[in-house]
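Peer 1: So you can see what is in the structure, the chains are spelled out below.
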Amino acid sequence: MTTKPVIAPSTEDTLSRRGFFMKLGILFNGFAAMVLAVPVVGFLLSSVTRGRASGYLSWVPLGRIDEFPEGETRLATFRNPNVMPTDGKTVDTACWVRRVAGEQFQVFAINCAHLGCPVRWFPQSGLFMCPCHGGAYYRDGARASGPPERGLFEYPYKVENGLVTIQAGELPTPGAAIASLTGEKPPCAS
Amino acid sequence: MRIMIGKIGEWFEHRLQLAAPIREAAEHPVPRNTASWFYVFGSAALTVFLIQLVTGILLALIYVPSAGEAWSSLQALNHQVTLGWFIRAMHGWGSNFMVAIVLIHMAQVFLFGAYKFPRELTWVIGVFLLLMTLGMAFSGQVLRFDQDAYWGLGIGASIASRVPIIGPAVVKLMLGGPIIAGATLSRFFALHVFVIPGMLIAFVALHVLMVLKLGINEWPMPGRIVKRATYEREYHALTKQEGAPFVPYAIWKDLFFAAFIILAIAACAFYFGPFGPTGQPDPTIIQTAPKPDYFFLWLYALLSLLPPSMETPFLLIGPALAIVALILLPFLSGEGEKSWKRRPIAVITVLMIAITLGTFTRLAQFTPWSPHMNAWSGDPVPDRYIHGTTALERQGALVFQVKQCRNCHSIGNTGGQRGPALDSVAVRLTRDQLIRQVIQGGGNMPAYGNNLSPAETTALVAFLETLHPATQSPARDAARDLVLSESNPKSATKP
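The listed protein sequences correspond, in order, to chains A and B. Take 0 as the starting number for the first sequence in numbering that gives the first Met the number 0 and just add one per residue. Take 0 as the starting number for the second sequence in numbering that gives the first Met the number 0 and just add one per residue.
Chain A extracted, bound-state conformation (with noise of 0.2 Å):
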């Protein structure tokens, strides 16, 4: 029996059993490494998946109807349906609700269709301003000059039982799905 050296510096191009058993480990762990992508990816991307799945969106309420009088614009706050032990306050939301008259309103996001901003009413001069870069709405939510390029975002509602609900449960932004529900295109959009 002849011994031969343990590291065989192979120079010829044959796969010797060794390097043949190395490009096997790394295969393997090639394999444990894509076994063990699927649910950190999963993971890291539920947040994505879980919308696209059962979506975000809910019914929730904001107050008896009579607490909105005809012809008014009122600040509301609902909790957002959902809810994470660790939210603490982020979860309460703040939207802007006008009666336009009998069970007709208009739900307007807190979020300024510009960069996000909270808008502030203003009833004397019937319009909504931001204090970010200046954007302002007419009542009716429609984009009145500034930044912004569309109106103001709204909720969809439905009045039941006495009750104002809208369906909410996702941050507005300008290419978020809230949006396209119900953004109608402003009359003075470009």
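Quick caveat, the hints were computed from the structure, so don't treat them as lab data. Please read these numbers as outputs of a predicted model, since none were measured by experiment. A portion of the hints provided could be inaccurate.
No more than 35 Å apart at the CA atoms, straight line, and that leaves these computed lysine-lysine pairs for DSBU-like [claimed, not checked]:
| hint | chain 1 | residue 1 | chain 2 | residue 2 |
| --- | --- | --- | --- | --- |
| 1 | A | Lys88 | B | Lys290 |
| 2 | B | Lys6 | A | Lys22 |
| 3 | B | Lys252 | B | Lys212 |
| 4 | B | Lys239 | B | Lys252 |
| 5 | B | Lys239 | B | Lys226 |
| 6 | B | Lys340 | B | Lys212 |
Ranges between beta-carbon positions, derived for each pair [unchecked claim]:
| hint | chain 1 | residue 1 | chain 2 | residue 2 | range |
| --- | --- | --- | --- | --- | --- |
| 7 | B | Ile200 | A | Ala32 | 19 to 27 Å |
| 8 | A | Val37 | B | Arg341 | 53 to 61 Å |
| 9 | A | Pro38 | B | Pro367 | 47 to 55 Å |
| 10 | A | Val37 | B | Ile200 | 26 to 34 Å |
| 11 | B | Arg361 | A | Gly101 | 47 to 55 Å |
To give an idea of the interface, some chain B residues facing chain A are shown, with a C-beta separation under 8 Å as derived from the structure [unchecked claim]:
| hint | residue |
| --- | --- |
| 12 | Glu23 |
| 13 | Thr81 |
| 14 | Ser138 |
| 15 | Ile154 |
| 16 | Lys402 |
In this text, a Cβ means the ideal position worked out from N, Cα and C, and glycines have one as well.
Start from chain A and add chain B according to the hints.
Peer 2: Chain B only, in chain A's frame:
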């Protein structure tokens, strides 16, 4: 005693064998003229980074990364924990210094041509370090979980949502859910405390290693051209033959500047105190005007001043172009002149960028584009503007206040600056033009036609017509006088 220490040292050295490489690194020869005060910014950036690491770990001993408790844990740091305010202030001021020093370092490296062959990769890694520094700045601002952080996240989400097709998914990935809430803070905590610092440490190590391997950039001499074929031989001559050991020949200036920077941060922290937190991160409190920290103020200004239609392309394409340009720079001009004295375009570029960023930052400090939300109820019309006016004009002044005109228009130097100051508006616009502007709006002004009764409009315009300097008469439509006189020949004056 000395023998004892020596023996312990030997014991470790026998096992670690670090003395030789450390001595080699410390005493590596550098070109003599690089022992300059211009060459201290890299080590200063490293110093501030170390301060941020230490103060960051100290803050993490108390801070709670929970949307429900972060704000109160910051209050505890400010008011309850001994010297918590000082550590917070050091970390906050440290971040300001870090962004500033990294930018100065970058400008110096650019102007001295240090990014040219063979240091291209050092520059590219430096670009990544800059991006990570900005990432730390933004995520750190989020961890100071107050009103500004909350609405700042909303702004970030609004920008991210504008990415075509995947925008909404990017927003949910960024926020960790459909809204800004607990998961959002937690993931920014993970980014700020684990992910980005980990990458920073690795990239800083690479960056410093490459400076050691390739040698510090020599002082650029006008006319000494960098060529791939000859540069390394020339540099070798500068270091190995004429150079001096880095320690102590050049390092003393780095040491002095590092200590100076540490003391400067400590002085700012001691004198100005910690940043915030401002109001609680409660989205139902809408009486707030969120503002970013100083390193993003220029962006705040840009977003106000860009035409709306250009905003999205600018936001999405601009940063990508800037990063690509920075990364490509050493590959496009890897050779040639290094000295700023022979690179006028480089100097002008740095000046232009500095002036632009400086101007935008300055503008964002007093936000002339934001309406003053309380001007209508807080800033009265100055006495001299209603002195000796008629009842109708005074009624107009009331309308002017009550309809929030003041929020965007100043008179007597108080009120918003979103629209033009109206102290002499009557000189610029005739009565008809005033009525048209009020009712129809235009030129970035909302139309008030639906919110003013004819009587209110009449009163308001009557008041606006009084707004002209005593020495200048109000604007007048000459043709109108003529038409009126023709239709009423009795009072006509013959032309």
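Peer 1: Hints first: check each against the structure and report whether it holds.
Peer 2: Hint by hint, here is what the structure shows:
For the given pair, Lys88 of chain A sits about 21 Å from Lys290 of chain B by alpha-carbon distance, which is consistent with the 35 Å threshold. Proximity of Lys6 of chain B to Lys22 of chain A is assessed by CA-CA distance (about 47 Å); at most 35 Å being required, the pair is judged violated. Taking the CA atoms of Lys252 of chain B and Lys212 of chain B, the gap is near 21 Å; set against the 35 Å cutoff, the hint holds. Restraint check for Lys239 of chain B and Lys252 of chain B: satisfied, since their Cα atoms lie roughly 21 Å apart, inside the 35 Å limit.
Among the hinted pairs, Lys239 of chain B with Lys226 of chain B is consistent with the structure: their alpha-carbon atoms are about 19 Å apart, no more than 35 Å. Only pairs whose Cα atoms come within 35 Å are accepted, and Lys340 of chain B paired with Lys212 of chain B is accepted, the gap being roughly 28 Å. Ile200 of chain B and Ala32 of chain A have their C-beta atoms about 24 Å apart, which keeps the hinted 19 to 27 Å range intact. Look at Val37 of chain A against Arg341 of chain B: about 57 Å separates their beta carbons, and that is inside 53 to 61 Å.
In this structure the supplied range 47 to 55 Å holds for Pro38 of chain A paired with Pro367 of chain B, their Cβ-Cβ distance being about 52 Å. For Val37 of chain A paired with Ile200 of chain B, a C-beta distance near 30 Å keeps the hint of 26 to 34 Å intact. Taking the beta carbon of each, Arg361 of chain B and Gly101 of chain A are about 51 Å apart, inside 47 to 55 Å as hinted. Here the hint on Glu23 of chain B is broken, as its CB sits about 31 Å from the closest CB of chain A, past 8 Å.
Annotation: interface hint on Thr81 of chain B violated; nearest CB of chain A at approximately 26 Å, more than 8 Å. For Ser138 of chain B, the interface hint is violated, since its Cβ never comes within 8 Å of a Cβ in chain A; the closest pair sits about 17 Å apart. Annotation: Ile154 of chain B was flagged as interfacial toward chain A, and the flag holds, the nearest CB pair being 4 Å apart, inside 8 Å. Taking 8 Å as the C-beta cut-off, the interface hint given for Lys402 of chain B holds, the closest approach to chain A being about 4 Å.
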